[in-house]
Amino acid sequence: MNEIATTIAQESTPFGALDRFLRRQLLNRMRGLRHGRLILHDACGSVELGDSTSAHPDLQIHLQVSDPAFYRAVARRGSVGAGESYIDGQWHCDNLVGLIQLLVRNRDLLDGMESGLARLGGVAMRGWHAWRRNTRGGSRRNISAHYDLGNDFFALFLSQDLMYSSAIWSDPADTLETASARKLEQICRKLDLKPTDRVIEIGTGWGGFALYAATHYGCHVTTTTISREQFAFAGKRVAEAGMGAHVELLLKDYRDLDGQYDKLVSIEMVEAIGAQYMDAYFEKLGRLLKPDGVALVQAITIEDHRYQQALRSVDFIKRHVFPGSFIPSIAALMAAKTRASDLALIQMEDFGSSYAKTLKAWRQRFMAKLPEVRTQGFDERFIRLWEFYLSYCEGGFRERSIGVAHLLLAKPEHRPGPCEPQKWVFP
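Per the working numbering, the very first residue in the sequence shown carries number 8; after that it's consecutive.
For the record, the hints were derived by calculation from the structure and aren't laboratory data. C-beta atoms are modelled at their ideal positions from N, C-alpha and C, and glycine is treated no differently. Keep in mind that the hints are not guaranteed to be accurate.
What the hints assert, rightly or not - Computed spacing ranges between beta-carbons, pair by pair: (1) H312 x E247: 40 to 50 Å; (2) Q32 x G96: 48 to 58 Å; (3) R346 x P378: 43 to 53 Å; (4) E192 x D386: 50 to 60 Å; (5) G39 x H312: 38 to 48 Å; (6) D159 x T345: 38 to 48 Å; (7) P378 x R36: 48 to 58 Å; (8) D65 x T203: 43 to 53 Å; (9) T345 x K259: 20 to 30 Å; (10) D311 x D115: 54 to 64 Å; (11) R41 x M374: 26 to 36 Å; (12) E255 x R422: 34 to 44 Å; (13) G96 x G384: 50 to 60 Å.
All chains, please: the whole structure from these sequences, using the hints.
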């Protein structure tokens, strides 16, 4: 520990009076840290916070501050400022996922970081977020900001099927490819897909589900996206697979879809619609399905009791990764479904622990491909942003502050088939 402190002292930018004051202020807020230990090192020395026992050996975190601008960033913009300071290389950590877990376990202290001057920063960020509203034009801009980073970039760390959503793990020995294929297979089975089915997919991604369903179940899939990069790439994959007769690609906003289908799929797309449009989303789902149709929605979810607070705030993900996004709660999803459609929830399964494993696999693959990331033109700030993003999400899923669920929804005239799940599932 002394060696770390000495190294930091040698490499650090000098502390001014304001920096020392803000440091004391932050440390005082964190004095009540529990469920693990945080050892902070900077030019002023080392400070240990948290449990003095070894009750939580998995969370013994060393955080090294090399630039006192870190304290100013936290004071101005709270937890988002801390993330931005990481992007700027002002601090490092020996276990970034563990740090996120520790902060989630101490949400009351984490919320305290958003007080004082940080509230003004929060007001500014909320104004920015409101400007990113998901109108038709706004949705295209928001989706492009993330998904149009380049197909070659995402191919560096996603599974071979290019599914950018949670896989389903059942064995520690699973590979990402195995777990991703399992997720696609479970979706098809829950929908009881048949060769005669006409399926509509909202959110194409890079065509992974459409190709899997059409290839393995012989159904016809119409799939839509508003990302030009994804549309072009998915079209190429469909053509190369010789599945043009079974897969129809649309470059269209979900609100502009028409027709009626036997089955509907929406995999981690609801998070991009904006809370203001949830009723419109479920109304469209209901209208696109035949009277006996079935829909499967895969959604990232937040705890019900934290939903309203999350709506009023802008976190690191909204600000720097997915502009215009939000995370719904199960209760909010069900309320919107009930207000706007005649769909009934007939089965639900949460598999948040699988998302933690999925994110770990993505993060490890991403970090192993840094030379290729740099070759594609991305700089060190971008790399740190993505490392923080993937770690941030993984820590949240590990602590179950966020989850992911399959919601199976049915129209009134639907009757269960022999392959359809008949019960609620809560792992």
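Hints, one by one, checked against the model:
no. : hint                    : result
1   : H312 x E247: 40 to 50 Å : holds (47 Å)
2   : Q32 x G96: 48 to 58 Å   : violated (23 Å)
3   : R346 x P378: 43 to 53 Å : holds (50 Å)
4   : E192 x D386: 50 to 60 Å : violated (39 Å)
5   : G39 x H312: 38 to 48 Å  : violated (21 Å)
6   : D159 x T345: 38 to 48 Å : holds (43 Å)
7   : P378 x R36: 48 to 58 Å  : violated (40 Å)
8   : D65 x T203: 43 to 53 Å  : holds (51 Å)
9   : T345 x K259: 20 to 30 Å : holds (27 Å)
10  : D311 x D115: 54 to 64 Å : violated (18 Å)
11  : R41 x M374: 26 to 36 Å  : holds (30 Å)
12  : E255 x R422: 34 to 44 Å : violated (28 Å)
13  : G96 x G384: 50 to 60 Å  : violated (19 Å)
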